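Be aware that the sequence shown starts at 1, since it is given in the numbering used here, and climbs by one per residue.
Be a bit skeptical, because a hint or two may be false.
Quick list of the computed label-pair ranges, beta carbon to beta carbon [claimed, not checked]:
1. N62 / T3: 28 to 36 Å
2. N62 / T36: 39 to 47 Å
3. R11 / A35: 41 to 49 Å
4. T34 / Q7: 25 to 33 Å
5. F29 / G52: 22 to 30 Å
6. D55 / T26: 17 to 25 Å
7. K39 / A61: 15 to 23 Å
No wet-lab data here; the hints were simulated from the structure.
Predicted, not measured: the structure shown is a model, and the values here were computed from it.
Cβ coordinates follow ideal geometry from the N, Cα and C atoms, glycine included.
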Amino acid sequence: MLTASFQSSHRLANPYGSPQWTLYGTYRFGLARTATGWKIDEIVMTAHWGEGNKDVLALAANTA
Numbered sequence: 001m002l003t004a005s006f007q008s009s010h011r012l013a014n015p016y017g018s019p020q021w022t023l024y025g026t027y028r029f030g031l032a033r034t035a036t037g038w039k040i041d042e043i044v045m046t047a048h049w050g051e052g053n054k055d056v057l058a059l060a061a062n063t064a
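Sequences and hints are given; from them, build the entire structure.
What follows is the structure, given as structure tokens:
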């Protein structure tokens, strides 16, 4: 198993609040050894905390 910390910042100018949402947390990767080498067989993201306007992602999806 492998664990990695992350910080993910998302920005989008919008009329509905802050243009930024930042999320902090960890990814946990499950690893399996195969005949051809190591493979990732599981990924779990755990958000520890966030700040800003979490609706930025939905707003971006609606403009795409």
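Evaluated hints:
no.	hint	verdict
1	N62 / T3: 28 to 36 Å	holds (34 Å)
2	N62 / T36: 39 to 47 Å	holds (41 Å)
3	R11 / A35: 41 to 49 Å	holds (44 Å)
4	T34 / Q7: 25 to 33 Å	holds (31 Å)
5	F29 / G52: 22 to 30 Å	holds (27 Å)
6	D55 / T26: 17 to 25 Å	holds (24 Å)
7	K39 / A61: 15 to 23 Å	violated (30 Å)
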